[in-house]
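A.B. asks: Given chain A, put chain B with the ligands in place with the hints provided.
Taken in sequence, the protein lines are chains A and B. Numbering follows this note's numbering, with no gaps: position 127 of the first sequence is 127. Numbering follows this note's numbering, with no gaps: position 79 of the second sequence is 329.
These aren't lab readings, by the way, just hints derived from the structure by calculation. Every residue gets a Cβ at the ideal spot worked out from N, C-alpha and C, and that includes glycine. There may be inaccurate statements among the hints.
Label-pair distances were calculated between CB atoms; the ranges are [said to hold, decoys possible]:
#  : chain 1 : residue 1 : chain 2 : residue 2 : range
1  : A       : Gly177    : B       : Glu595    : 51 to 59 Å
2  : B       : Glu595    : A       : Lys212    : 28 to 36 Å
3  : B       : Ser353    : A       : Gly128    : 55 to 63 Å
4  : B       : Ser310    : A       : Thr141    : 43 to 51 Å
5  : B       : Arg596    : A       : Pro97     : 20 to 28 Å
6  : B       : Gly552    : A       : Asn17     : 57 to 65 Å
7  : B       : Glu591    : A       : Gly128    : 23 to 31 Å
8  : A       : Val20     : B       : Asp602    : 17 to 25 Å
9  : B       : Glu340    : A       : Pro97     : 28 to 36 Å
10 : A       : Gly128    : B       : Asn590    : 27 to 35 Å
11 : A       : Asp179    : B       : Arg596    : 23 to 31 Å
12 : B       : Asp494    : A       : Tyr213    : 52 to 60 Å
13 : B       : Arg275    : A       : Gly128    : 28 to 36 Å
From chain A, some residues computed to sit far from chain B (all C-beta separations above 12 Å) [to be verified]:
#  : residue
14 : Lys58
15 : Ala75
16 : Asn191
17 : Asn197
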Amino acid sequence: MSTLEIRGLKVSVNTDNGTVDILKGVDLTIKSGETHAIMGPNGSGKSTLAYSIAGHPKYTITGGSVTLDGADVLAMTVDERAKAGLFLAMQYPVEVPGVSVSNFLRTAATALRGEAPKLRTWVAEVKGAMEALNMDASFATRNVNEGFSGGEKKRHEIMQLELLKPKMAILDETDSGLDVDALRIVSEGVNRAKADNNLGVLLITHYTRILKYIKPDFVHVFANGHIVEEGGPDLADKLEANGYADYVTK
Amino acid sequence: MSVLATNYLTPTGREEAWRFTPLKRLRGLHDGTCVTSQRHSLISKAPLPAGVTFTREALSPLAVSDDVIIERVRGGAVDVAHLSIASNTELADAIFLTRSEGSLDSAELSRVRISLGTHAKATVIVENIGETVLAEDFEISLAPGSCLTFVSLQEFDSKSVYTARHHAVVDKDATFKSITVTVGGDVVRILPTVEFTAPGASAELLGVYFATTGQFFEHRMHVDHAVPHAKSRVNYKGALAGRDAHTVWIGDVLIRAVAEGTDTYELNRNLLLTDGARADSVPNLEIETGEIVGAGHASTTGRFDDEQLFYLMSRGITLEDARRLVVRGFFNEIISEINNEEVQERLMNRIDGELERAGA
Ligand SMILES: Nc1ncnc2c1ncn2[C@@H]1O[C@H](COP(=O)(O)OP(=O)(O)OP(=O)(O)O)[C@@H](O)[C@H]1O
Ligand SMILES: [Mg+2]
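Extracted from the complex, chain B is given alone in its bound form:
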């Protein structure tokens, strides 16, 4: 174990990128005061199919990052956990990665790479579970014509801290789809970011989060349209219940001058289930060319719809069950995109449980 060198700029909370985050609860990840351990917690849950390897390697980063914690991760991690899917490999079943260990007394700095060869097709599901302090630089590279569904499930125990960048580099005619689910942890801050490197690339970023009493969940997208004819869709839905539940959704989409023919839309919807919770939602579309197919955004924050609850209750369903149905229904649009019934059911049950605990 070692104490990190503090030779990076430490955020103060006044920076745009950090203005919502409760820095004091990051257990020293942001200012380098955390004690780090050489945990390698990310493991494969089952034997890997042909065409897939998962090894620890020395790899240099794919892309620059301006995130302080990611810089610390890059300085501190000794190697990279690399899941590689060979060209032309088409996998019917999802690859499950999970966490083997964790600790609140020390922090893990983790670098992960997922790379898909040309025309490879796969689903990778990452189960982030347990009690841990974890900062992670997740880089995902999609070669031309490849297709990845990347599911990250933040199902941490209540004291965990997770800060991560999930960065995808999407090449020609490749399709990246991410489904980010955040339902557990004390502080979770994820930067789902996408860069397109050739025309015909597309990215769909879906997410749900449910924060209850005291939890802080931040999802800060950045989609960089730096090439012509790429497509992006963002759809995040969040629910909040209980005192001081706080969520942040930032949707930065940049359409550069060269990115003619861009097609983008981003959406964030929040459901405030009780008083005392706060949902920040900031869509931010920067457009440097008018020669685009479409660009739009929408953001809504609302409460339970009385008409829906009345309709359900008028059929004998109790208020409690009606709320549960409406919340499940709200999340279903995204959860149903996860192509695995067991995971879907587990998440829905977790959501029911959170709702019950929050007494919403």
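Same shape as in the complex, but just chain A:
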């Protein structure tokens, strides 16, 4: 049983025109097995929250705390956060030229498990994970995300989620750019990770359709750098019907 606790998180970015405050005090607690959906308008700071938890160097933490089972996440390097059990499925996964998917996955698994996986079982494990997400075996020899379609990149993220078995996963618009079949396949992957590892999920999305597959326990409305309303699954339907007008004018 793990708990990811975000308290009063404030984050800024440095731009050519000085610092811009983006997160203005975010409070959120996620426990193992729980699924929290975050919905909110473009530019409200959802990806900033995701990246800040994962430790992207672009963002400066100006206040607040993030802990995983009491351990100070903000004091950890990016790889230490992953080793502590955090995973970020990115809105825009990065291309890494010349590095094959299979080499990348094996290096990551070795780092996270503390020893190189046994070659025989590993090959089967990767093959299984790829098949489960309907990815052709040829992806293993391709370079990481290079030339992948938008949907293929997202499937590749969730394949990593299943292989690397984190405690807490942040899914930043994993549903964007997926066709209807891929949406179902990817959602099943997330649900398997939830069932197998009692994964806690922070799911950032613009659409309620993914919430039909991945049932949220809580829905949070994010606007202007913080959470402005919280509720159950029905809050998502209300947002779909009414939009964010009520929240952004506040």
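C.D. replies: For chain B with the ligands alone, coordinates are given in the frame of chain A:
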């Protein structure tokens, strides 16, 4: 042993061709003050297949050279190591040439010829290893329809000095591909040059170099499109780490007025892994006719991509391993063109080792 006659013009460092090179570190190769020895270090690593001979012969040069050191080599070398591949010989396995001896106390002046008969097809891998001072005039002749992959691996020990011209003369419908890898030595200066003698000829010059603290590596291409309908591609990638690591890449491509239908593109990318290193990159395309298929060049010098490192690290990979993956990935595009897994792995390990030593 003898001291070379200094009857050639000695470069001062102000000449265009020498303006980057640290002349003082050439151990007297450029001004003739070096003591020469009659080493014949280039040997075949294994018995040669049918259709291939490797002998020492008296041969006159294939092409003129305006390089002072090459002139000294031609004046000083007594004969030419000649690897000859007979017409219509198609070799599945690479021919490996390697170095049997070397010394820092005297210089070897070496002339080498590789010649391919019509429609011959081969891969030649030259392993430049050990501790040596070596100036070399490498001339490669490709008869019509022949195809050569020429791999030169500069894996010298840290004090070695190597200056060479790798000159290819490519005839009708012949295909020349070179892969030049420079990862070892104190000063390495290579002139990969190509001349086309008939239409349909093509050349692909690929290269990687990795200079760490104090090393100087220069690669100065010259591709001369003097006939119509020839094709050339140049792609060199370099990484630098550590104080005073210095690389120079010059890409001279000349498309003469008669060279209608020329198709050429040259690319140089450099990765600066630490402060204190310097990468000079000068593409230079001279076009004397507009009737061409294409001509272009690109040159970039950059640092580690933070987004790539972040992505890898977010999967638990340490910064050190992430950098190693990115550097390996950067070089992989070229290294993977070497059709020999053992060599590929050896080079990648060497690159890892250099990266580690440089503390990048
Ligand atoms: N380098 C930067 N310079 C200026 N503004 C920035 C910079 N980086 C981020 N921002 C701003 O921070 C705000 C929050 O961006 P973020 O990506 O977190 O939004 P988001 O809620 O994920 O939006 P979307 O729904 O479009 O993905 C945006 O207004 C964005 O323009
Ligand atoms: Mg976003």
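A.B. asks: All the hints need checking, so say for each whether the structure fits it.
C.D. replies: Status of the hints after comparison with the structure:
1. A:Gly177 / B:Glu595: 51 to 59 Å: violated, 38 Å
2. B:Glu595 / A:Lys212: 28 to 36 Å: Given a distance of about 49 Å, which is not inside 28 to 36 Å, the answer is violated.
3. B:Ser353 / A:Gly128: 55 to 63 Å: For serine 353 (chain B) and glycine 128 (chain A) the Cβ distance comes to about 58 Å; the hint holds.
4. B:Ser310 / A:Thr141: 43 to 51 Å: holds, 49 Å
5. B:Arg596 / A:Pro97: 20 to 28 Å: At roughly 22 Å between Cβ atoms, proline 97 (chain A) and arginine 596 (chain B) fall inside 20 to 28 Å, so the hint holds.
6. B:Gly552 / A:Asn17: 57 to 65 Å: Violated - the Cβ-Cβ distance for glycine 552 (chain B) and asparagine 17 (chain A), about 25 Å, lies outside 57 to 65 Å.
7. B:Glu591 / A:Gly128: 23 to 31 Å: holds, 28 Å
8. A:Val20 / B:Asp602: 17 to 25 Å: violated, 40 Å
9. B:Glu340 / A:Pro97: 28 to 36 Å: holds, 33 Å
10. A:Gly128 / B:Asn590: 27 to 35 Å: Holds: the Cβ-Cβ distance is about 33 Å, inside 27 to 35 Å.
11. A:Asp179 / B:Arg596: 23 to 31 Å: Violated, at about 45 Å.
12. B:Asp494 / A:Tyr213: 52 to 60 Å: holds, 58 Å
13. B:Arg275 / A:Gly128: 28 to 36 Å: Between arginine 275 (chain B) and glycine 128 (chain A), where Cβ atoms are some 56 Å apart, the hint is violated.
14. Lys58: Given a closest Cβ separation of 8 Å, the condition is violated.
15. Ala75: holds, 15 Å
16. Asn191: The claim holds: asparagine 191 (chain A) sits with its nearest Cβ about 21 Å from chain B, beyond 12 Å.
17. Asn197: It holds; asparagine 197 (chain A) is separated from chain B by about 15 Å at its closest Cβ, greater than 12 Å.
In the structure shown, a violation is registered for the earlier hints numbered 1, 2, 6, 8, 11, 13 and 14, in ascending order.
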